[in-house]
Amino acid sequence: MICEKCGENVQNVVCTACGETILRLGSYCYKCGGGIEAPSAGSVEENDDPDFSSRVLCSDGNCIGVINKEGICKVCGKPYSPDA
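Residue numbers (our numbering): 1 to 84.
Worth flagging that the hints you see were computed from the coordinates, not collected in a lab.
Check the hints yourself; a few may be wrong.
Lysine to aspartate or glutamate pairs mimicking DMTMM-like chemistry, simulated, CA-CA at most 20 Å apart [as the list claims (entries may be wrong)]:
no., residue 1, residue 2
1, K5, D60
2, K78, E8
3, K5, E20
4, K31, E20
5, K69, E8
6, K69, D83
7, K69, D51
8, K78, E37
9, K69, E4
10, K5, E70
11, K69, E37
12, K78, D60
13, K74, D51
14, K74, E20
15, K74, E8
16, K69, E20
17, K74, E37
Model, not experiment: these values are computed from the prediction.
Modelling step: build the complete structure from the supplied sequences, incorporating the hints.
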């Protein structure tokens with residue numbers, strides 16, 4: 001599925017707690033609240049030297065994380081919301 005706001009591809013995963021197929025929008029299942037396993041190290045490209053001038057900070061008022069390429073906070077796992 002393509003995100004309507006950012007145009008990025010959103011991954012489908014199966015929740016290990018409830019067995020539902022859901023969109024990966026954070027670290028927890030939005031249907032049951034169970035934890036979602038992190039993608040394998042080879043599937044996500046992490047950049048150890050982020051470009052600080054182009055980073056996007058987490059829209060949650062209590063988090064200090066940075067939004068990754070998938071539109072999800074690297075610290076709290078919440079999806080980015082530009083309206084927050």
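Hints and how they fare:
1. K5 to D60: 17 Å, holds
2. K78 to E8: Holds, because 16 Å separates the two Cα atoms, which is no more than 20 Å.
3. K5 to E20: 24 Å, violated
4. K31 to E20: 8 Å, holds
5. K69 to E8: Roughly 8 Å between the alpha carbons, so the hint for K69 and E8 holds.
6. K69 to D83: 18 Å, holds
7. K69 to D51: Roughly 12 Å between the alpha carbons, so the hint for K69 and D51 holds.
8. K78 to E37: Holds, at about 14 Å.
9. K69 to E4: 15 Å, holds
10. K5 to E70: 12 Å, holds
11. K69 to E37: Since the Cα atoms of K69 and E37 sit roughly 18 Å apart, the hinted pair holds (cutoff 20 Å).
12. K78 to D60: 8 Å, holds
13. K74 to D51: Measuring from Cα to Cα gives roughly 15 Å; hence the hint holds.
14. K74 to E20: 24 Å, violated
15. K74 to E8: 16 Å, holds
16. K69 to E20: Since the Cα atoms of K69 and E20 sit roughly 24 Å apart, the hinted pair is violated (cutoff 20 Å).
17. K74 to E37: Holds, because 14 Å separates the two Cα atoms, which is no more than 20 Å.
Consistency note: the structure conflicts with the earlier hints numbered 3, 14, 16.
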